[in-house]
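Undergrad: Sequence:
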Amino acid sequence: MGLFSWLFGKKTATETATIEPIEYNGYLIYPEPQMEGGQFRIAGRICKKSNDITQTHHFIRSDILPSRTDAETFMLKKAQMFIDQTGDRMFK
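If you're matching positions, the sequence shown starts at 1 in the working numbering and goes up one per residue.
Please keep in mind that the hints were generated in silico from the structure rather than gathered at the bench. Check each hint, because a few of them may be wrong.
[Stated by the list, open to error] Derived DEER-like restraints, expressed as beta-carbon distance ranges:
1. Arg89 x Gly38: 34 to 40 Å
2. Leu28 x Lys92: 26 to 32 Å
3. Asp88 x Met35: 28 to 34 Å
4. Ile64 x Ile19: 30 to 36 Å
5. Thr69 x Phe91: 25 to 31 Å
6. Lys92 x Thr69: 31 to 37 Å
7. Lys92 x Ser67: 29 to 35 Å
[To be verified] Below, simulated DSSO-like cross-link-like pairs (lysine-lysine); rule was C-alpha separation at most 30 Å, straight line:
8. Lys78 x Lys48
9. Lys78 x Lys49
10. Lys77 x Lys48
11. Lys49 x Lys92
12. Lys92 x Lys48
13. Lys92 x Lys78
14. Lys77 x Lys92
15. Lys49 x Lys77
Think of the CB as a built atom: it goes at the ideal place given N, C-alpha and C, for glycine as much as any other residue.
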């Protein structure tokens, strides 16, 4: 059954879990590490809602870490630094 799930893209419970955002300076950060070769790539989204419009910036780094928790922690720190450096320019 595992082979067919892999072939047809059946999602597991961990893949479909709802991600809770972290609020930082008016932005919402969604850590979404991507599994790659048994490790996790730092990835996620940075969102900001203004005037009933939600703007989203997808955030993917080259860093790969051994655990999902580490990748989420580092994504949060890198996203906060990115927000401090670029602000709303990230959406242009």
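Undergrad: Against this structure, judge whether each hint is valid.
TA: Each hint, compared with the structure:
1. Arg89 x Gly38: 34 to 40 Å: Holds, since Arg89 and Gly38 (Cβ atoms, about 36 Å apart) stay within the stated range.
2. Leu28 x Lys92: 26 to 32 Å: violated, 19 Å
3. Asp88 x Met35: 28 to 34 Å: holds, 31 Å
4. Ile64 x Ile19: 30 to 36 Å: Between Ile64 and Ile19, where Cβ atoms are some 20 Å apart, the hint is violated.
5. Thr69 x Phe91: 25 to 31 Å: At 29 Å between Cβs, range holds.
6. Lys92 x Thr69: 31 to 37 Å: Once the Cβ atoms are compared, 32 Å apart, the range 31 to 37 Å for Thr69 and Lys92 holds.
7. Lys92 x Ser67: 29 to 35 Å: With a Cβ separation near 34 Å, Lys92 and Ser67 satisfy 29 to 35 Å, so the hint holds.
8. Lys78 x Lys48: Within the cut-off at roughly 17 Å; holds.
9. Lys78 x Lys49: Between Lys78 and Lys49 the Cα gap is close to 20 Å, so the pair holds against 30 Å.
10. Lys77 x Lys48: OK: Lys77 and Lys48 at ~17 Å, within 30 Å.
11. Lys49 x Lys92: Holds: Lys49 and Lys92 sit about 15 Å apart, inside 30 Å.
12. Lys92 x Lys48: holds, 13 Å
13. Lys92 x Lys78: holds, 19 Å
14. Lys77 x Lys92: Within the cut-off at roughly 22 Å; holds.
15. Lys49 x Lys77: holds, 21 Å
Comparing the model with each earlier hint shows violations of hints 2 and 4; every other hint is respected.
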